[in-house]
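Enquirer: I would like the entire structure built from these sequences, with the hints used as guidance.
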Amino acid sequence: MKKVILHIGRHKSGTSSLQGFLHTNSDILKNMGVLYPNTGRGKQVAHHRLASFLERPERDSKEYQQLKAQLKREVRNFDNIIISSEGFQNCRDLDGLRDFFSDYHLHIVVYFREILDYLQSAYAQRVQNTNESRDFELYAEQTQLNYQAFYNRWAEIADSISAHYFHRSALKNQDIIDDFLSISGLDLQKPESGFKQLESESNPSIGGNLLYFKLQYNRLGYSSDAPLYRRLSKIATTNKPLFANGFFIADSVATKLRELYHDNNQFLSNRCTTLIMRDFADKPKCPNTATLEEDLETIIQLIPEKKLLLSKFIDEKVE
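When we follow our numbering, the leftmost residue of the sequence shown carries the number 1, and every step to the right adds one.
Treat the hints with caution; some may be incorrect.
For each label pair, taking beta carbons as the anchor points, the in silico distance ranges come out as [what the hints assert, rightly or not]:
#, residue 1, residue 2, range
1, N38, S160, 24 to 34 Å
2, K2, A250, 46 to 56 Å
3, Q70, D135, 41 to 51 Å
4, L310, D60, 49 to 59 Å
5, K283, K196, 25 to 35 Å
6, L310, T273, 46 to 56 Å
7, N152, E63, 47 to 57 Å
8, L310, D159, 54 to 64 Å
9, T237, P304, 13 to 23 Å
10, G221, M277, 33 to 43 Å
11, T238, A149, 35 to 45 Å
12, Q148, I276, 14 to 24 Å
Please keep in mind that the hints were generated in silico from the structure rather than gathered at the bench. Virtual Cβ for every residue (Gly too), placed ideally from N, Cα, C.
Expert: If you want it as structure tokens, here you go:
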């Protein structure tokens, strides 16, 4: 029976780097008998279109049957198929998803971060990608997360499932790509296989005064869009120590949130040797008032198409 390895994230667990690798090396993988299909992906690096389609699929629809048949045609000469999108974690109708993959052995692969590590990264991503305007502590308290329940839902519809702790120290060779290839049961050795390597982190989380800028941007009522998201990612990538190094979380807040979501970290502790509790007290403050005006001026100059006024970002204070 053909095997579909369905990588469902979670968000902010090396997904962009892994998907970039799979996309870049799809031809090499194909020659090794592993398909990273175009169905539900097109020219994108990941299967976000398929994930969106299967979020609430209409199983009797013509489009559903056509897409299912398209995948079947594309994989006909392959026994191992990799499909990846963190968007799958948003699927509500898992029975519909299971039906879509009814002709395959469905193996789910999912990574989880330590809860506070996840919350700070997810918050930065949400601020960058949407009009999120809450401060971090309120966002974290109002976000409902249950790793065990999430795992159980997917385990019920999977033929097999692999759940793993996402931290560099817990990954094979401290590398998400090596780790994924290993736990997926694929006999592929990255260094010896001629794979093309990615040059840098694909999707860094914004932090420091760059995060403050976008938070203020949202609170001032400006609209978010894909070009701005990409521009902020580029700014973060080229200024990592300042703008892609997380953000300050007081020890008291860190302790409170870890206690609030204790069950999630216990879920991870049952699946790893050592759970790393990162300290965020030494990260760049948001805002860092010592360099705020200078940093905001630099950021605004790097996005001239928005025609933003520095004074608006200086005068309005984050509570």
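Enquirer: All hints are to be evaluated individually against the structure, with a verdict given for each.
Expert: Here's how the hints hold up against the structure:
1. Between N38 and S160 the beta carbon distance is about 25 Å. The supplied range of 24 to 34 Å therefore holds.
2. At about 51 Å, the CB distance of K2 to A250 agrees with the hint of 46 to 56 Å.
3. At about 45 Å, the CB distance of Q70 to D135 agrees with the hint of 41 to 51 Å.
4. The beta-carbon spacing between L310 and D60, approximately 55 Å, falls within the hinted interval of 49 to 59 Å.
5. The supplied range of 25 to 35 Å is met by K283 and K196, whose beta-carbon atoms lie about 33 Å from each other.
6. For the hinted restraint 46 to 56 Å between L310 and T273, the CB-CB distance of approximately 49 Å keeps it satisfied.
7. Roughly 30 Å separates the CB atoms of N152 and E63, a value that falls outside the hinted 47 to 57 Å.
8. The hint said 54 to 64 Å for the Cβ distance between L310 and D159, and at roughly 56 Å that hint holds.
9. A beta carbon spacing of about 19 Å between T237 and P304 agrees with the range 13 to 23 Å that was offered as a hint.
10. For G221 and M277, the hinted distance range of 33 to 43 Å is satisfied, since their beta carbons lie about 37 Å from each other.
11. Here the CB-CB span from T238 to A149 is close to 39 Å, well matched to the stated 35 to 45 Å.
12. The supplied range of 14 to 24 Å is met by Q148 and I276, whose beta-carbon atoms lie about 20 Å from each other.
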